[in-house]
Amino acid sequence: MSRLGPVFQRLRDESRRAVIPYLVAGDPNEGLTVPLMHSLVEAGADVIEVGVPFSDPMSEGPTIQKGHERALAGGTSLNSTLALIAEFRQTDTETPLILMGYANPLERKGYAAVADACAEAGVDGLITVDLPPEEVAVMNAELQRHSIDNIFLISPTTTEDRVITITEQASGFIYYVALKGVTGAGHLDTEAVEAHLAIIRQYTDLPVAVGFGIKDAQTAARVAVCADAVVVGSALVDEIAADFSEHQNDARAIAIGASLISSIRQGVNLATSN
Amino acid sequence: MTIDINPELYAQVPDAHGRFGVYGGKFVAETLMAALSELEDLYNELKDDPAFLREFDLDLAHYVGRPSPLYEAARWSDMIGGARIFLKREDLNHTGAHKINNTIGQGLLAKYMGKKRVIAETGAGQHGVASATVAARLGLECHVFMGEEDVRRQALNVYRMKLLGAEVIPVSSGSKTLKDAMNEALRDWVTNVDDTFYIIGTVAGPHPYPMLVRDFQSVIGREARSQSLAMTGKLPDALVACVGGGSNAIGLFHPFLGDNDVAMYGVEAGGKGVETGEHAAVLSAGTPGVLHGNRTYLMQDDNGQIIEAHSISAGLDYPGVGPEHSWLKDIGRVNYVSATDTEALAAFHRVTRVEGIMPALETAHALAYAEKLAAEMTPDQHMIINLSGRGDKDILTVAEIDGIDLGAL
Numbered sequence: 001m002s003r004l005g006p007v008f009q010r011l012r013d014e015s016r017r018a019v020i021p022y023l024v025a026g027d028p029n030e031g032l033t034v035p036l037m038h039s040l041v042e043a044g045a046d047v048i049e050v051g052v053p054f055s056d057p058m059s060e061g062p063t064i065q066k067g068h069e070r071a072l073a074g075g076t077s078l079n080s081t082l083a084l085i086a087e088f089r090q091t092d093t094e095t096p097l098i099l100m101g102y103a104n105p106l107e108r109k110g111y112a113a114v115a116d117a118c119a120e121a122g123v124d125g126l127i128t129v130d131l132p133p134e135e136v137a138v139m140n141a142e143l144q145r146h147s148i149d150n151i152f153l154i155s156p157t158t159t160e161d162r163v164i165t166i167t168e169q170a171s172g173f174i175y176y177v178a179l180k181g182v183t184g185a186g187h188l189d190t191e192a193v194e195a196h197l198a199i200i201r202q203y204t205d206l207p208v209a210v211g212f213g214i215k216d217a218q219t220a221a222r223v224a225v226c227a228d229a230v231v232v233g234s235a236l237v238d239e240i241a242a243d244f245s246e247h248q249n250d251a252r253a254i255a256i257g258a259s260l261i262s263s264i265r266q267g268v269n270l271a272t273s274n
Numbered sequence: 001m002t003i004d005i006n007p008e009l010y011a012q013v014p015d016a017h018g019r020f021g022v023y024g025g026k027f028v029a030e031t032l033m034a035a036l037s038e039l040e041d042l043y044n045e046l047k048d049d050p051a052f053l054r055e056f057d058l059d060l061a062h063y064v065g066r067p068s069p070l071y072e073a074a075r076w077s078d079m080i081g082g083a084r085i086f087l088k089r090e091d092l093n094h095t096g097a098h099k100i101n102n103t104i105g106q107g108l109l110a111k112y113m114g115k116k117r118v119i120a121e122t123g124a125g126q127h128g129v130a131s132a133t134v135a136a137r138l139g140l141e142c143h144v145f146m147g148e149e150d151v152r153r154q155a156l157n158v159y160r161m162k163l164l165g166a167e168v169i170p171v172s173s174g175s176k177t178l179k180d181a182m183n184e185a186l187r188d189w190v191t192n193v194d195d196t197f198y199i200i201g202t203v204a205g206p207h208p209y210p211m212l213v214r215d216f217q218s219v220i221g222r223e224a225r226s227q228s229l230a231m232t233g234k235l236p237d238a239l240v241a242c243v244g245g246g247s248n249a250i251g252l253f254h255p256f257l258g259d260n261d262v263a264m265y266g267v268e269a270g271g272k273g274v275e276t277g278e279h280a281a282v283l284s285a286g287t288p289g290v291l292h293g294n295r296t297y298l299m300q301d302d303n304g305q306i307i308e309a310h311s312i313s314a315g316l317d318y319p320g321v322g323p324e325h326s327w328l329k330d331i332g333r334v335n336y337v338s339a340t341d342t343e344a345l346a347a348f349h350r351v352t353r354v355e356g357i358m359p360a361l362e363t364a365h366a367l368a369y370a371e372k373l374a375a376e377m378t379p380d381q382h383m384i385i386n387l388s389g390r391g392d393k394d395i396l397t398v399a400e401i402d403g404i405d406l407g408a409l
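If you read the sequences in order, they're chains A and B. Sequential numbering of the first sequence, starting at 1, is according to our numbering. Sequential numbering of the second sequence, starting at 1, is according to our numbering.
Rather than coming from a laboratory, the hints here were simulated on the basis of the structure. Since no wrong hints were added, every one of them can be taken at face value.
Coverage of chain A stretches by chain B, computed from C-beta distances (three or more under 8 Å per stretch; other residues unrestricted):
id: 1; stretch: 64-77
id: 2; stretch: 105-114
id: 3; stretch: 130-141
id: 4; stretch: 146-155
id: 5; stretch: 173-181
Since the structure is predicted, the reported quantities are computational estimates derived from the model, not experimental observations. All residues carry an ideal CB built from backbone N, CA and C; glycine is no exception.
My request is simple: use the sequences and hints to build the entire structure.
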C-alpha cells in the first residue's frame, strides 16, 4: 500500500510543500546509500526518489549519467537497489520511496516479479522514464495488485489531450518535467512552469511535483510557490560525488548532501509560509 | 526452403501502436511523444501522396543515381561452384552506401516540417556522411554524434562530414560506439525538439522510425525483384544481407516477404565468435528487451544492463536490432546467422581480388555467409546479396589488421 497518498494529504493539511531528493542507488558506493537516505529524511526530505542504475540512461545529463556509471562499476543493479530499500525500511517505515529508472531492467526481471519485489521491499511508487502511457499498461496492472503508484511524467511539450489521458491513469502524484532537456540542464522558466501547472490542475487533484533544473534553495523556493513538491537530483548527486571523490569519506559526503537538502527545505518553507 | 505464411501478414505491420508482434512501440521520454506523433501524422499523410513520392523518386534517380545495378558476380560464383550470385550494387549510390536512400527521404520530411537543424547518430560514418550530404543540399545545420572509438576507426568519414559542413560530436560515454552516439542524439533531440529533426539511420528507434526507414529503403528490394525477373526470368532462391540495425537487410527483404519460396538470410557480426561473448549477433544470441525507444532483441546481462557489442566493423557494432527483424526471427520468416571478423575479412579480400569490387566490412559479413550458402546450392538456383556499401572507408582498418604500414609502401 503506497505511503504517498497519506503523506501528501498531511502536507496539504499543513500547507507545506514536499522536498524530494533524488539519488542513484549505489552511487558512489553501496555502503553510503542507506545512511544517506536516513540523513536526507532528517534534513527535511518528505519522499526519496531512488535511481536504479542503468547502462544507457537516455534522459540524464552528464552529472547523473556519471552517477549511474559509478553505481554500475560497484555492481549495483535493480535487485541490489531493492535490497537497499529493504534495509532502509528496517528503521524507517514512514517515508515514501520511489524507484526512478528505465524500462529494460524491469522488462528483464518481468513486470509481475518487479511488482512483487517492490511490494516486499517497501517501494511506494515507480517512475519509468521510457514507459509513457502508451507502453505502461502491462506494468501498471501489476503495480495495482499491490497498490503501488505509477508516477507519470508530464513535460512542456505534452499536449492538453495527453494531459487528460495521463491524469486519468495517474496516481500518487504527477511529475512535471520543468524543461525540455535532460536532467541537470539549463535554467528554469518559473512563469512557464506556473502556466503548465495551471493546465494540469484543471484535470487532476493529485499533487504535482516539479523536477529538472532545481539546483538550490533559490530555484526550489521559486518553484515551491506553485508546485506541491520540488525534486532535487543533479545538484545533490554532484555535490556528494565531488566531495566523496576528494575525501573518500562516506560520513563527510553524506553530511554535504544532507546540508544541501536542509537548505532547500528552509528555502521552500520560507517561500511558502505566510 | 519453403515456408507457409500468409503473405498479407507483412502489410499489416507495424500496427497503429508501431508494433511488430510484441516488438517495436514508442518507449521514449514524455517530452518526445509530441514530436513522434507529429512525425507519424505527417508521414501517414505523405507516404501515399503522389507529389511527395515523385520528389523522392526524382531525388533517388538524379541525385543518388538509382536504380543501382544488379550485377552477376560470375567469376566468384564459378570459384565457389554452386548457385549463381548476383550483387545488388548499393555501393554505387552517391556517398557509397544504401544509407542515402533513407536520408533523402527523412531530409524531405524535415523540409516539409520546416525544421532548420538535423541531427544524426553514426557508427561507421556512412549514415553520418549521408545525413551531412542531404543537410548540405537542403541548407540545414547538421550535427552528427559519433562514438569516440568510431571517430578513431573511421577518420576518413569524419573528415568527409566536416568537409560537408557538419559538426561531428565525439561521444565519450559508455562503450564510446554507436549505442552511445544514439543515447547522445536522443539527449540532444529532447533538448532541441522544437527546431530539430532527428534522422535515425536504421530501422530502430521509436515508432514511426522503423516503419519509415523500412519504406524508404524498400526501393532496394523493389528494384532487385524486377531486375531478377528481367535477368533470370524468376525470383531469386535466396537473399543475403548483413544486419547491424538492419536497414539494408529490411530494404532488400521487405518486397519479397510475401514470396514464401524466397529464402532470406540476415548475417550478423559474429565478432571473435559467438561462443566468446565478444560479438554483435543480437538475434542469434540475445534476448528481448527495451532500448532506444523500441522493444527488440538486445545483448544484455541478467540485470537488464546492455552489454557492449564487438565487431571489426563499426557499422555492425550495435547491441540492438530493428524490431521488425525481431518479429521476422520469431515467426521464422528470416534466418539469422552470423559471420566472424576473420571470415568477413577473408571475404573482403576474396571479392576485392576476384570481382574488383571492394566491399565495406559490414557487407563483407554477408559475403562470407553467402559463400557457404552458395556452395550448398545448385547452378540452376540464384541468390542476391545486398552489396550495401563500398569499402574505401575501411582501408585503414584492413591495413592495420593485416599489419601493413601504409607509409612504407
